Amino acid sequence: MQTTRFVLRGHGPVRLDLLAHSHGWSQLLPMAWDEEQGLLLRTEQIGAAAADLEFRQADEQGVELTVASEAPLSRAECDAVVTRARWMLALDEDLAEFYRLCEMDPYLAHVPSEGRGRLLRSPSVFEEAVKTICTTNTTWAQTKGMVQRLVEKLGRPSPVSMRSAFPDPQAIAAAGARVLKDEVRLGYRAPYVRQLAQQVSTGELDLEAMRCSSDATLELRRQLLQIKGIGPYAAATLLVLLGRYDYIGVDSWARKLVSRHFYGGQPVGEKEIQAAFDGFGRWRALAYWFYRWDEM
DNA sequence: TTCCAGGGGTAGA
DNA sequence: TCTACCCATGGA
Numbered sequence: 001m002q003t004t005r006f007v008l009r010g011h012g013p014v015r016l017d018l019l020a021h022s023h024g025w026s027q028l029l030p031m032a033w034d035e036e037q038g039l040l041l042r043t044e045q046i047g048a049a050a051a052d053l054e055f056r057q058a059d060e061q062g063v064e065l066t067v068a069s070e071a072p073l074s075r076a077e078c079d080a081v082v083t084r085a086r087w088m089l090a091l092d093e094d095l096a097e098f099y100r101l102c103e104m105d106p107y108l109a110h111v112p113s114e115g116r117g118r119l120l121r122s123p124s125v126f127e128e129a130v131k132t133i134c135t136t137n138t139t140w141a142q143t144k145g146m147v148q149r150l151v152e153k154l155g156r157p158s159p160v161s162m163r164s165a166f167p168d169p170q171a172i173a174a175a176g177a178r179v180l181k182d183e184v185r186l187g188y189r190a191p192y193v194r195q196l197a198q199q200v201s202t203g204e205l206d207l208e209a210m211r212c213s214s215d216a217t218l219e220l221r222r223q224l225l226q227i228k229g230i231g232p233y234a235a236a237t238l239l240v241l242l243g244r245y246d247y248i249g250v251d252s253w254a255r256k257l258v259s260r261h262f263y264g265g266q267p268v269g270e271k272e273i274q275a276a277f278d279g280f281g282r283w284r285a286l287a288y289w290f291y292r293w294d295e296m
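Using the working numbering, the first residue of the first sequence is number 1, and each one after it goes up by one.
Just so you know, these hints were derived from the structure itself, not from any lab. Here the structure is a predicted model, which is why all the values come from computation and not from measurement. Treat each hint with caution, since some may be false.
Unchecked claim - DSS-like cross-link-like pairs, simulated, lysine-lysine; straight-line CA separation at most 30 Å: (1) 256 - 144; (2) 228 - 256; (3) 228 - 144; (4) 181 - 144; (5) 153 - 228; (6) 228 - 181.
Said to hold, decoys possible - Have a look at the derived ranges for each label pair, beta carbon to beta carbon: (7) 34 - 225: 36 to 46 Å; (8) 262 - 114: 20 to 30 Å; (9) 225 - 2: 40 to 50 Å; (10) 58 - 272: 16 to 26 Å.
Yeah, the Cβ is synthetic: ideal placement off N, Cα and C, and Gly gets one too.
Given these sequences and hints, build the entire structure.
Here it is in structure tokens:
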């Protein structure tokens with residue numbers, strides 16, 4: 001076994017524990033959060049093989065990443081790992097403008113000083129999209145089950161830990177409809193996930209290009225809504241994970257939160273939910289997220 | 001048994 | 001653009 005170490009520094013303070021708790025992604029394979037040791041674990045396919053990534057807090061400004069692989073990593077593979085890890089931890093997010101807005105909101109005034117604001121991400125937009133589809137119209141426990149079966153049945157296992165990486169689009173596309181429905185138990189989501197995997201694996205759809213796209217958020221949203229299985233909630237969630245915070249993903253939780261905080265418990269719709277955080281402008285979804293976090 | 005969860009697709013108006 | 005209805009799954 002080979003181990004390679006990197007130290008990753010962010011744009012401002014970085015808190016690994018806050019990242020791990022920023023939303024549910026650290027509970028979904030192939031990620032895992034070890035609360036006692038403060039370790040964020042992930043198995044990741046690098047080149048043809050899978051390797052094990054272990055993140056720990058280095059100091060206030062940075063995180064140490066240890067990669068355990070069967071063979072030594074090439075220079076290109078090191079670069080790829082660092083690029084993916086920086087994206088996962090949102091290390092290049094500049095939250096200065098968001099923090100200034102937080103300081104004017106009594107409910108979020110604590111966010112800047114605590115170093116909150118970053119959201120944990122998957123290394124690929126494809127993985128984000130599949131996982132987001134697995135959150136729709138189901139419980140969180142079932143989402144975890146769907147993703148676990150997807151990873152364990154179709155992902156490439158690490159020869160070091162035998163834990164599996166997230167399956168690539170080719171593996172999911174090749175699995176077939178019956179496996180996705182009956183074995184992974186994706187339910188009515190199975191054809192959506194399969195079609196998405198086919199579109200990405202054939203090159204018909206370039207999801208990864210959305211990360212560095214210069215398109216306006218409205219245009220990116222339009223592109224996401226064209227994907228079967230992705231509606232307004234999922235598109236908004238994916239935009240947030242792409243660093244575009246213009247739209248709030250309206251789910252049952254958002255309805256309850258906005259109703260209670262801003263409308264005295266009266267039922268609210270899409271317009272009321274988006275409008276509740278208008279004061280945060282293009283940061284409204286991030287503001288909503290940290291209202292929500294305090295109630296998790 | 002019925003409801004609903006971190007909704008979305010489709011048809012019809 | 002809005003509404004009604006249907007869609008698997010599993011726990012409460």
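Tell me the hint numbers this structure goes against, listed in increasing order. Number 10 only.
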